[in-house]
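Sequence order for the protein chains is E and B.
Mapping of the first sequence onto the working numbering: residues 1 to 122, in sequence order.
Mapping of the second sequence onto the working numbering: residues 1001 to 1211, in sequence order.
Think of the hints as simulated: they come from the structure by calculation, not from any bench.
Certain hints may be false.
[To be verified] Only pairs whose alpha carbons sit at most 25 Å apart, straight line, appear in this in silico BS3-like list of lysine-lysine: (1) Lys42/E <-> Lys85/E; (2) Lys1017/B <-> Lys1136/B; (3) Lys1136/B <-> Lys1122/B; (4) Lys1136/B <-> Lys61/E; (5) Lys1017/B <-> Lys67/E; (6) Lys61/E <-> Lys44/E.
[To be verified] Calculated Cβ distances over 10 Å to all of chain E for the following chain B residues: (7) Glu1020; (8) Ser1021; (9) Thr1040; (10) Glu1042; (11) Phe1063; (12) His1087; (13) Ile1132; (14) Glu1144; (15) Ala1158; (16) Glu1171; (17) Glu1177.
As the structure is a computational prediction, the values presented were derived from the model and not from experiment.
All residues carry an ideal CB built from backbone N, CA and C; glycine is no exception.
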Amino acid sequence: MSIDPPNQCMTVESAQTLMNQGVSCQVEIDLSAPFQVGDRVKAKVMHPETYTRLPRYVRGKVGEVVKDHGVYVFPDTMGQRLSTKPQHVYSVRFSAQSLWGMDVSPNDALYIDLFDDHLEAV
Amino acid sequence: MASHHHHPESEIALRVKAIESLLVEKGIVDPATLDTIIETYEHKVGPHIGAQIVAKAWVDPDFKARLLDDGTGAIAELGLTGFSSEHMVVVENTPEVHNLIVCTLCSCYPWAILGLPPTWYKSFAYRSRVVIEPRKVLQEFGLEIPEHVEVRVWDSNADLRYLVLPERPAETAGMSEADLASLITRNAMIGTAKVPAPTSLNPPVAQEISP
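Please put together the full structure from these sequences, using the hints given.
What follows is the structure, encoded as structure tokens:
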């Protein structure tokens, strides 16, 4: 399945609609979530040559799921004009020390939104 | 670069002009559409919209609870949603927690709520440093965060966009929602500043703090 966006000239009206209403990236489907709030999860170690929303600095690090945002289209495949591959997106909390070592404040944390395909169970 | 012009245009401006005229010539871009978009982000959309949301949350505890629980829904109640703010998360600053927003991958930012991002927000320096050393970056913005306060950095790498609900200054008791809104700066809603207390009897003006 590939995505083939039409290359049409945007009218004033469609620009106004786009700016006022935006474009939802959420998908209203019933998809069971592989991860739950409170789960410890590991960001996968991967080095794709193609587009990804998984930054290098969290790869291989363990964090905790703090919220399930629901189901969204997957930019990693959308960016290649492949399938929309809808999946859950979670807010994952990483302690600052787990990312950067013991010299940083033990109180601080980094929150990042990760997709099912970015995560594995610990 | 040497130029014989009195007011030489920058290379990037010239390149944009060249691309624009090609796209218009080929019928891919309508100049009227371009003008509509520029007009919107230059004059209509900006941090005053975010300030309205924050001021309402300060005076209306029920709205604040809904805003923190479901940012998208609460902002939609006010009719203030729009492009690049479709999925909103609002995070609250308290005496124990200081929140800070970044997009390490590019420059994702809640356009409909805060307008277009400032140049520093898009810089490699801010995007790479703020995740590693947020306290040092905040010091450079003039903000010292006490050691016992938890700093939370939010990387808006996916499709959710973030807004910081700053702390209401203690000196503002009894102020109207509109007067409160005029105190709230863009940087306070990104997390690189606090909302300043009103300093004089003159009506305060929302202004951006450098850098």
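Results of checking the hints against the structure:
1. Lys42/E <-> Lys85/E: holds (21 Å)
2. Lys1017/B <-> Lys1136/B: violated (39 Å)
3. Lys1136/B <-> Lys1122/B: Distance of about 18 Å is within 25 Å: holds.
4. Lys1136/B <-> Lys61/E: holds (23 Å)
5. Lys1017/B <-> Lys67/E: With Cα atoms ~45 Å apart, Lys1017/B and Lys67/E exceed 25 Å; violated.
6. Lys61/E <-> Lys44/E: Judged against 25 Å, a Cα distance of about 8 Å means the pair holds.
7. Glu1020: holds (13 Å)
8. Ser1021: Given a closest Cβ separation of 15 Å, the condition holds.
9. Thr1040: violated (6 Å)
10. Glu1042: Glu1042/B clear of chain E: closest Cβ-Cβ about 13 Å, beyond 10 Å.
11. Phe1063: Phe1063/B clear of chain E: closest Cβ-Cβ about 21 Å, beyond 10 Å.
12. His1087: violated (7 Å)
13. Ile1132: Non-interface label on Ile1132/B violated, nearest chain E Cβ at 6 Å vs cutoff 10 Å.
14. Glu1144: Check passes; 13 Å lies beyond 10 Å.
15. Ala1158: Ala1158/B not clear of chain E: closest Cβ-Cβ about 4 Å, inside 10 Å.
16. Glu1171: Given a closest Cβ separation of 28 Å, the condition holds.
17. Glu1177: holds (24 Å)
Violated hints, listed in ascending order, are 2, 5, 9, 12, 13 and 15; each of the other numbered hints is respected by the structure.
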